[in-house]
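S.K.: Letter by letter, the chains look like this.
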Amino acid sequence: MTDDTAGALRSSSTPASKLGGVDNVGFRLARYFTGRDALVLALIAILGFLAVYPLTMLFYGSLHSTPPGMAGEFNLDGYRSIMTASNVIVLLNTIGISLGKTIPALLLAVFLSWIIARTDTPYRDKLEVLITLPFFVPPILTAMAWGMLGNPQVGLLNQVWKWATGSTVSPINVYSYGGVIWHQLQYSTPFLFLFIVDIFRAMDPSLEESSRMCGASRWRTFRAITLMLMLPALTNSFILSFIRGIENFESPLFFGTPAKITVITTEIYNSINHRATPDYQYATALSFAIMALMFLLVLWQWYVLRGRSFSTVTGKGYSPNVMKLGPWKWVTFGFCVLFFFITVVLPIGQLAIGSFFKFFGFYSYDMLTLEHYTAVFGNSEIWRGFWNTMLLGLVGATATMFLGAIVAYVSIRTRWRGRRLIDALAWLPWLMPGMVLGIGFLWAFAMLPGPIPIYGTIWALLLAYMALGTPVSVRVMSSAYAQLSFDLEECSRVHGATFFQTLWRILIALAWPSFAVGWVLAFFGIMRELSASILLYSVGSEVLSVVLLRLWSNGQAEQVSVIGLFMMLLVIVFRWAQLRFIKSRISTL
Amino acid sequence: MAAITLENVSRHFGAVAAVDNVSLNVEAGEFVTLLGPSGCGKTTTLRMVAGLEQNTGGRIGIDGQIVSDAAAKFFMPPERRMLGMVFQSYAIWPHMTVFDNVAYPLRIRRRPANEIQERVKGALRLVEMENFADRPAPALSGGQQQRVAIARALVFEPRVLLLDEPLSNLDARLRTQTGDEFRSLQKRLGITSLYVTHDQSEAMALSDRVVVMHSGHILQIGSPEDIYRHPTSRGVAAFFGSPNFLPSQVTQCTQQANGSFLLTLDGPGWTGPCGCSSAQPAGAQVVVMIRSENMGVSTDGAVQAADAMTWKGQVVQSIFRGTHRSLIVETPAGRLNIDVPAVTNPETGSTVTVVADRQAAWATPA
Numbered sequence: 044m045t046d047d048t049a050g051a052l053r054s055s056s057t058p059a060s061k062l063g064g065v066d067n068v069g070f071r072l073a074r075y076f077t078g079r080d081a082l083v084l085a086l087i088a089i090l091g092f093l094a095v096y097p098l099t100m101l102f103y104g105s106l107h108s109t110p111p112g113m114a115g116e117f118n119l120d121g122y123r124s125i126m127t128a129s130n131v132i133v134l135l136n137t138i139g140i141s142l143g144k145t146i147p148a149l150l151l152a153v154f155l156s157w158i159i160a161r162t163d164t165p166y167r168d169k170l171e172v173l174i175t176l177p178f179f180v181p182p183i184l185t186a187m188a189w190g191m192l193g194n195p196q197v198g199l200l201n202q203v204w205k206w207a208t209g210s211t212v213s214p215i216n217v218y219s220y221g222g223v224i225w226h227q228l229q230y231s232t233p234f235l236f237l238f239i240v241d242i243f244r245a246m247d248p249s250l251e252e253s254s255r256m257c258g259a260s261r262w263r264t265f266r267a268i269t270l271m272l273m274l275p276a277l278t279n280s281f282i283l284s285f286i287r288g289i290e291n292f293e294s295p296l297f298f299g300t301p302a303k304i305t306v307i308t309t310e311i312y313n314s315i316n317h318r319a320t321p322d323y324q325y326a327t328a329l330s331f332a333i334m335a336l337m338f339l340l341v342l343w344q345w346y347v348l349r350g351r352s353f354s355t356v357t358g359k360g361y362s363p364n365v366m367k368l369g370p371w372k373w374v375t376f377g378f379c380v381l382f383f384f385i386t387v388v389l390p391i392g393q394l395a396i397g398s399f400f401k402f403f404g405f406y407s408y409d410m411l412t413l414e415h416y417t418a419v420f421g422n423s424e425i426w427r428g429f430w431n432t433m434l435l436g437l438v439g440a441t442a443t444m445f446l447g448a449i450v451a452y453v454s455i456r457t458r459w460r461g462r463r464l465i466d467a468l469a470w471l472p473w474l475m476p477g478m479v480l481g482i483g484f485l486w487a488f489a490m491l492p493g494p495i496p497i498y499g500t501i502w503a504l505l506l507a508y509m510a511l512g513t514p515v516s517v518r519v520m521s522s523a524y525a526q527l528s529f530d531l532e533e534c535s536r537v538h539g540a541t542f543f544q545t546l547w548r549i550l551i552a553l554a555w556p557s558f559a560v561g562w563v564l565a566f567f568g569i570m571r572e573l574s575a576s577i578l579l580y581s582v583g584s585e586v587l588s589v590v591l592l593r594l595w596s597n598g599q600a601e602q603v604s605v606i607g608l609f610m611m612l613l614v615i616v617f618r619w620a621q622l623r624f625i626k627s628r629i630s631t632l
Numbered sequence: 026m027a028a029i030t031l032e033n034v035s036r037h038f039g040a041v042a043a044v045d046n047v048s049l050n051v052e053a054g055e056f057v058t059l060l061g062p063s064g065c066g067k068t069t070t071l072r073m074v075a076g077l078e079q080n081t082g083g084r085i086g087i088d089g090q091i092v093s094d095a096a097a098k099f100f101m102p103p104e105r106r107m108l109g110m111v112f113q114s115y116a117i118w119p120h121m122t123v124f125d126n127v128a129y130p131l132r133i134r135r136r137p138a139n140e141i142q143e144r145v146k147g148a149l150r151l152v153e154m155e156n157f158a159d160r161p162a163p164a165l166s167g168g169q170q171q172r173v174a175i176a177r178a179l180v181f182e183p184r185v186l187l188l189d190e191p192l193s194n195l196d197a198r199l200r201t202q203t204g205d206e207f208r209s210l211q212k213r214l215g216i217t218s219l220y221v222t223h224d225q226s227e228a229m230a231l232s233d234r235v236v237v238m239h240s241g242h243i244l245q246i247g248s249p250e251d252i253y254r255h256p257t258s259r260g261v262a263a264f265f266g267s268p269n270f271l272p273s274q275v276t277q278c279t280q281q282a283n284g285s286f287l288l289t290l291d292g293p294g295w296t297g298p299c300g301c302s303s304a305q306p307a308g309a310q311v312v313v314m315i316r317s318e319n320m321g322v323s324t325d326g327a328v329q330a331a332d333a334m335t336w337k338g339q340v341v342q343s344i345f346r347g348t349h350r351s352l353i354v355e356t357p358a359g360r361l362n363i364d365v366p367a368v369t370n371p372e373t374g375s376t377v378t379v380v381a382d383r384q385a386a387w388a389t390p391a
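Top line first, the protein sequences correspond to chains U and Y. Residue numbering for the first sequence follows the numbering used here, starting at 44 and increasing by one per position. Residue numbering for the second sequence follows the numbering used here, starting at 26 and increasing by one per position.
Just so you know, not all the hints are guaranteed correct.
Now the stretches of chain U that chain Y is said to cover, found in silico as 3 or more residues with beta-carbon under 8 Å [claimed, not checked]:
1) 240-253
2) 263-274
Distance windows between CB atoms, simulated [stated by the list, open to error]:
3) 135(Y) x 445(U): 39 to 47 Å
4) 167(Y) x 165(U): 36 to 44 Å
5) 528(U) x 167(Y): 39 to 47 Å
6) 303(U) x 102(Y): 49 to 57 Å
7) 63(Y) x 91(U): 50 to 58 Å
8) 380(U) x 41(Y): 41 to 49 Å
9) 357(Y) x 548(U): 35 to 43 Å
10) 380(U) x 100(Y): 28 to 36 Å
11) 165(U) x 194(Y): 34 to 42 Å
Derived by calculation from the structure, the hints in this document are not laboratory data. Glycine included, C-beta positions come from ideal geometry on N, C-alpha and C.
Same shape as in the complex, but just chain U (with noise of 0.2 Å):
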């Protein structure tokens, strides 16, 4: 629509194309094809690389006998490989682990959305950044953390059980199904609060008024109006934890292997690093696998909401009925306070306490030490895994916005050819696991020409990195623009600005929030990173998680502690930036 006007505006500033009845050819194919087509081609051209190319050699490495680069032959043994009834477990185990911390995980986030969104308890809009600030922790470090307190043998918790019972028994072992479902719960939990604290808010109040006066209770009414209109919504996130419960991989890694748990994503691996030789078909056939798996969840995703998102949402400016809890407001604000303190202070006090003492685990006053904190200091390779970090945070954060804000323009703003193919492009590394994404791009690396060596270097995980930052950051400006009416541009260019001229003075101008709440998130993404940085960093391009992992498995848990501190307290400087900077909140996600 802008554009259709856009191009009415231009054809009739140029009088030659109107009067001149018969243009010349040349003429004609340079207007047509201009810096529009060229863009969109641009666009398809960088979204390709960062997506179809990888996928297309996942394809062609599934089926390739040798390792990237090597001589081979082409097989279906890597899909024969994968058909083995253990694998049969790993898949029940990867569904089963997902649907467990999803479910408690939905029902969590629906409690607490409700206690901030409809209740009067005290403190709520501190109690929601609270609430949130696990999803922008760092998986492995609250990894590593409930690796200390709840391991069985000197974890804390089971310490301070065992000094207040006086009992001989652990009773917590992380390293367990449950520990690996408690970890993913801790960040399903604020993810999927995210999400449903915005519908709960936005609800047109009169939808419950209605029914109270129909003579529906309090708690009737909650049940058969405001929980049927949540549940498309409700299913669409039920589905979005699921897939990402399926995709996750620190949780299973740290307590999932010690435990001989095994997942699809540990399985892809543990068969490239934990075996004599690596086996990269068998990888390969087993990302394709996934793949398939998360293709048919969108797929379901698709025909459960299709045409079953009700617009609750009036534009209005409703403030949502509150309930008066009374004396009760005291016990949801503790609630959320307890949930605060399990998944944050807990993990924190647990890496502060750990940083100060000689091992871990072993708490006296004469083991109280500082030599941790010189040692990370006095350690290049750590320095080295913080600058690469920081400079993949930065340069990665931007860029993928960048291309997201232009991608986002494309598909929303414009009725350009090819508007769809961007689209979708951008959409698909959504599909791909950071696991799957990292043997991609392995792959994809290997078999460029030799003139471009990408694979080894810094860049190889910056652009994964932007790979995975890509829908995420569709997504964020999409909306944004989506909000902005169509008329606020035509306006200002009925009012003499240029396209460009109304680009930055009206959309840029009115859409920079969004695009600063979508670079932190990307680079909280980037920093947090480790299936795929795993996989393709190299001696000189390591980052701080890959750096993190090492260190654990030598057993280094105190120096792991000191960078995790920092790096909490990063996070944290960065989300408070982020809240009192970015005070619209065009959306939290």
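Add chain Y to chain U, keeping to what the hints say.
M.R.: Quick look at chain Y alone, frame taken from chain U:
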């Protein structure tokens, strides 16, 4: 017996009084409209009757039963008040069909299935929507949603029907039609209705009585004609259209049989009697309201009625409005707004005689 009773009802938000000391009786079968500009407390008053908001002062009774008493800290939740309500946004639940929407109040009350069938059909027939029963609610137009909302509010035969600006989301033509239909339905069923609107013509056309509210207070309660023709204050007079106000001085005041007062006034360019709602001492300043449609112009200076009020003046503006023509005439009494038949077309700048019907004049305190 009054179907709805409000006794000194107030609603305070902190220090701000949204509704201040409102008292009102609505008789059984009566159609009463709360009318006022936005923010005058009319919707809050309605919501307090509904139980969706709690009054911070006073008592509310429905059908002789107290449903809310601030002093006794008694508050009956909305679902137990047995009221029907139509919301401004209609609040038709989008996840249900038309039938399910209307059947909801009956299902809540656990009525048997065949009774639900019958009564929902009946309610839908009442609003001429029986053919839409199986439609999903989002597939309805605004006017249809409004009818479903009315059917839903009526289906369980509530004691009182509350309506919160139910016509404001419809386009102008549909608004009049739906309003008239609803009024005849209300008369037929004899259901007590409390209606909120900011549209004066809607209030005029529908109500038995109109309650004019302003900043949390009731300004006047009366029949539409009474409120329109005999306002007790300048504020009420100004709320309908843009009448002319002529500042005048009282020379004499006598009470009349119907309770109103007859003043003898000395105004700019005229003297004579004029009705007023309240007693005014001699020498007091009042303003006389004359509505623009009760004034006319005569180009040849001839005046038919002997006791008509007249001024000479110059036409400064003339606007053709289709049904009539709006003139502004500069006279010794000030600039007067006059609505004349569209065919009367005095030239701008010409001198005319303005004639006002003395029966239409009404004095209010200045």
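S.K.: Check the structure against each numbered hint from earlier and tell me which ones fail, lowest number first.
M.R.: 3, 5, 8 and 9
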